[in-house]
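Please model the complete structure; the sequences and the hints are all you need to start from.
Chains X and W, in that order, give the protein sequences. Heads up: the first sequence is residues 1 to 381, going by our numbering. Heads up: the second sequence is residues 1 to 313, going by our numbering.
Any given hint could be a false lead.
What the hints assert, rightly or not - One side of the interface only, derived from the structure: several residues of chain W facing chain X at Cβ under 10 Å:
id	residue
1	Gln-90
2	Phe-106
3	Lys-109
4	Tyr-111
5	Cys-188
6	Gln-190
To be verified - Per label pair, the in silico range of CB-to-CB distance:
id	chain 1	residue 1	chain 2	residue 2	range
7	X	Leu-33	W	Asp-189	26 to 34 Å
8	X	Glu-214	W	Asp-173	26 to 34 Å
9	X	Arg-20	W	Gln-114	19 to 27 Å
To be verified - Below, in silico cross-link-like pairs of lysine-lysine (DSSO-like), each with a Cα-Cα straight-line distance of 27 Å or less:
id	chain 1	residue 1	chain 2	residue 2
10	W	Lys-24	X	Lys-377
11	W	Lys-61	W	Lys-91
12	X	Lys-377	W	Lys-84
13	X	Lys-19	W	Lys-80
14	X	Lys-105	X	Lys-150
15	W	Lys-76	X	Lys-377
16	X	Lys-377	W	Lys-73
17	W	Lys-61	X	Lys-377
I should point out that these hints are in silico values taken from the structure, not numbers from a laboratory. Think of the CB as a built atom: it goes at the ideal place given N, C-alpha and C, for glycine as much as any other residue.
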Amino acid sequence: MNSFLRIQAVFIKELMQLKRDRMTFGMVIMIPLIQLMLFGFAINTNIRHVPVGVVDHSQTGLSRVLVQTISATQIVNFTQHYLSIQQAQQAIASGEVHAVLIIPKDVSQRLVRNQSVGLGSPPSSDEETSRPIAQWLVDSSDTMIAAAIKSLRNMPLLELLNKPPNRGTPTFAVTLLYNPEQRTAVNIVPGLVAVILTMTMIMFTSAAIVRERERGNLEMLITTPVRSFELMLGKIIPYVFIGLVQTAIILGLGYSVFAVPINGSLLQLGAATLLFIAASLVLGLVISTIAKNQLQSMQMTIFVLLPSILLSGFMFPYDGMPLAAQYIAEALPATHFMRLIRGIVLRDVDVFNMRFDLYWLLIFTLIGLAIASLRFKKNLD
Amino acid sequence: MNTVPDQEFAISAQQVDRNFGNLKAIQNLDLQVEKQRIYGFLGPNGSGKTTAIRLLTGLLKPSAGSISVLGYKLPKNAEKLRLKIGYMTQKFSLYDDLTVKENLQFLAKIYGLQGKHQHKRISKLLSIYGLDQKANQLAGNMSGGQRQRLSLAGAVLHQPELLFLDEPTSAVDPENRREFWEQLFDLCDQGTTILVSTHYMDEAERCHKLAILEAGIKRADGSPDELMANMNAHVVEVLSDNIRNLKNQLFTLNEIISAAQLGARLRVLVNKKVTDPIGFLKQLPMAEQIKQAQIVRPSLEDVFVTCTGEGRQ
Numbered sequence: 001m002n003s004f005l006r007i008q009a010v011f012i013k014e015l016m017q018l019k020r021d022r023m024t025f026g027m028v029i030m031i032p033l034i035q036l037m038l039f040g041f042a043i044n045t046n047i048r049h050v051p052v053g054v055v056d057h058s059q060t061g062l063s064r065v066l067v068q069t070i071s072a073t074q075i076v077n078f079t080q081h082y083l084s085i086q087q088a089q090q091a092i093a094s095g096e097v098h099a100v101l102i103i104p105k106d107v108s109q110r111l112v113r114n115q116s117v118g119l120g121s122p123p124s125s126d127e128e129t130s131r132p133i134a135q136w137l138v139d140s141s142d143t144m145i146a147a148a149i150k151s152l153r154n155m156p157l158l159e160l161l162n163k164p165p166n167r168g169t170p171t172f173a174v175t176l177l178y179n180p181e182q183r184t185a186v187n188i189v190p191g192l193v194a195v196i197l198t199m200t201m202i203m204f205t206s207a208a209i210v211r212e213r214e215r216g217n218l219e220m221l222i223t224t225p226v227r228s229f230e231l232m233l234g235k236i237i238p239y240v241f242i243g244l245v246q247t248a249i250i251l252g253l254g255y256s257v258f259a260v261p262i263n264g265s266l267l268q269l270g271a272a273t274l275l276f277i278a279a280s281l282v283l284g285l286v287i288s289t290i291a292k293n294q295l296q297s298m299q300m301t302i303f304v305l306l307p308s309i310l311l312s313g314f315m316f317p318y319d320g321m322p323l324a325a326q327y328i329a330e331a332l333p334a335t336h337f338m339r340l341i342r343g344i345v346l347r348d349v350d351v352f353n354m355r356f357d358l359y360w361l362l363i364f365t366l367i368g369l370a371i372a373s374l375r376f377k378k379n380l381d
Numbered sequence: 001m002n003t004v005p006d007q008e009f010a011i012s013a014q015q016v017d018r019n020f021g022n023l024k025a026i027q028n029l030d031l032q033v034e035k036q037r038i039y040g041f042l043g044p045n046g047s048g049k050t051t052a053i054r055l056l057t058g059l060l061k062p063s064a065g066s067i068s069v070l071g072y073k074l075p076k077n078a079e080k081l082r083l084k085i086g087y088m089t090q091k092f093s094l095y096d097d098l099t100v101k102e103n104l105q106f107l108a109k110i111y112g113l114q115g116k117h118q119h120k121r122i123s124k125l126l127s128i129y130g131l132d133q134k135a136n137q138l139a140g141n142m143s144g145g146q147r148q149r150l151s152l153a154g155a156v157l158h159q160p161e162l163l164f165l166d167e168p169t170s171a172v173d174p175e176n177r178r179e180f181w182e183q184l185f186d187l188c189d190q191g192t193t194i195l196v197s198t199h200y201m202d203e204a205e206r207c208h209k210l211a212i213l214e215a216g217i218k219r220a221d222g223s224p225d226e227l228m229a230n231m232n233a234h235v236v237e238v239l240s241d242n243i244r245n246l247k248n249q250l251f252t253l254n255e256i257i258s259a260a261q262l263g264a265r266l267r268v269l270v271n272k273k274v275t276d277p278i279g280f281l282k283q284l285p286m287a288e289q290i291k292q293a294q295i296v297r298p299s300l301e302d303v304f305v306t307c308t309g310e311g312r313q
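Shown next, in the form of structure tokens:
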């Protein structure tokens, strides 16, 4: 009974302080709002309009049609013409363009002999028929841009000769489930819930105990009968609500602005989100008992935040990472929540089928709570 | 003294040491504080007053020795003791961003006080400590004196038997200090035992008993009168035309413990081994500079200077 009263006392105190801290209060709303708008529109893995140049050694009508046909794919924009290959390489090095198309003098002969065109004549050797018609020089340091240019390798060429394209049968039929239009926002928006919750939840609580220590309140608190776990619980409960509000903002805006459907059960979504919020808050508390001042707690928050963004599957597919990195990712609550929320929101999965992710969040929370309560000693030693 | 059981004392400590690494913050502290008394810790900054209080409240564990507060052995029973003690820290430790009333309500709930009892207790405290008008003001926007009164109100909210005050008046003007001490005596009268640390002589003199601390060692203890009576020096006031010069010359003598200028007079502490201090001064080579000399009543400051001299050198 008294324990409940003490938790309530700490809870109300936190709310009052939060209410007076307008800046923090504003950030609670503005962080998800602005970040969602920014990332929802900005992050796009479908590469378009890469600026490229051309070195045209043939200077024929065909070469100009070739350039136009490639432009029509919208993958690249021809912005520059260069006279020599050296010049083109310099332009790539200086970052003026990401790639350069080099059209050889004999482009028309190469095209005519190309097997995919299927003219067959004049007779020529294998070596001649297997020659590509032109060459790309690509700055491949960015793998995504390189992949976009590489996708041009097997571009159909028949249109160049005013012939109907050769409608070959593809080897595989591919059915795109859940995101048939291949919009990046569909993947980004649910992932953003995980990233923003990781950031705000850990940040708020990691500063919680440290702030009391810095301002001298802790010396008063530890002479009172309030117990460590009461203090911890009272401090994190307000942020549970904040986390839910932030989730609602992100998914609501994602639905209305980016047309990201919420296919799964809201109840299951809520349960998974609460578990993830709990895990993040507890992680923040553990940091709070380690850090000596608010700067240290910020540094530790970022130490956790960066892998939560980069390794959790938010930016790059989890399966592409080496095994060691996957193990690290498995330890992070964000990785598990990323799977859960994408599963529930996009694929309408029954959360029972993903229960191991839930278990990990639960175990993480319990272990963290134990560590935080043990580490927070009620004395000044 | 050994016949008196521990429970007679609010605080009883034997041979307490506390080290921070190589620093000996408290050495061999023996302490006996009677109930319903105001006990003072007098000492310069860094003499171990705060450390001593933290040891006695269970915030720090002693490196050696035994402590018993209100019959509870420390540090084992620190948690049980918390309900019975109040602690006012040196630095303001309530919340700057809560109002006076919110701060008190927070503490009341922490101590399990709710509903009508809470409301009554808080309004009583607000009126005792003159904070009625400030009840809805943020603690961070108040003056030093007001904050100090709020801290005291917070420390006595749960009516503790024993109150620890760590330099409570360091940020307060003399007028507020007088008032504050009146409030302490009121509390004492109602049965509270108070342990207060200070570096002001006039405050120390108000205590029933006090201990003089220096460099973590208790140099003397007793009531102010006892301390003055048992002082190991005569106090002589000397009149002279050339006080600075006389002072410097006297200072070189072994028999002279200290010489402090008070306007046109020089207050000289002469070791008790000298039986006739006036005669001793009159036969000195620089005696012609002394116009007049007379023995005066010692003050607490004299006691302080006499028993803390060693550590300074």
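Going down the list of hints, with the structure as the test:
1. Gln-90: Status holds, d = 9 Å.
2. Phe-106: 5 Å, holds
3. Lys-109: 3 Å, holds
4. Tyr-111: 7 Å, holds
5. Cys-188: 20 Å, violated
6. Gln-190: 21 Å, violated
7. X:Leu-33 - W:Asp-189: 26 to 34 Å: Roughly 60 Å apart at Cβ, these two residues miss the hinted range, so it is violated.
8. X:Glu-214 - W:Asp-173: 26 to 34 Å: 28 Å, holds
9. X:Arg-20 - W:Gln-114: 19 to 27 Å: 24 Å, holds
10. W:Lys-24 - X:Lys-377: 23 Å, holds
11. W:Lys-61 - W:Lys-91: With Cα atoms ~21 Å apart, Lys-61 of chain W and Lys-91 of chain W stay inside 27 Å; holds.
12. X:Lys-377 - W:Lys-84: It holds: about 20 Å lies between the C-alpha atoms, which stays within 27 Å.
13. X:Lys-19 - W:Lys-80: 34 Å, violated
14. X:Lys-105 - X:Lys-150: The hint holds at about 23 Å.
15. W:Lys-76 - X:Lys-377: Holds: Lys-76 of chain W and Lys-377 of chain X sit about 14 Å apart, inside 27 Å.
16. X:Lys-377 - W:Lys-73: 19 Å, holds
17. W:Lys-61 - X:Lys-377: 12 Å, holds
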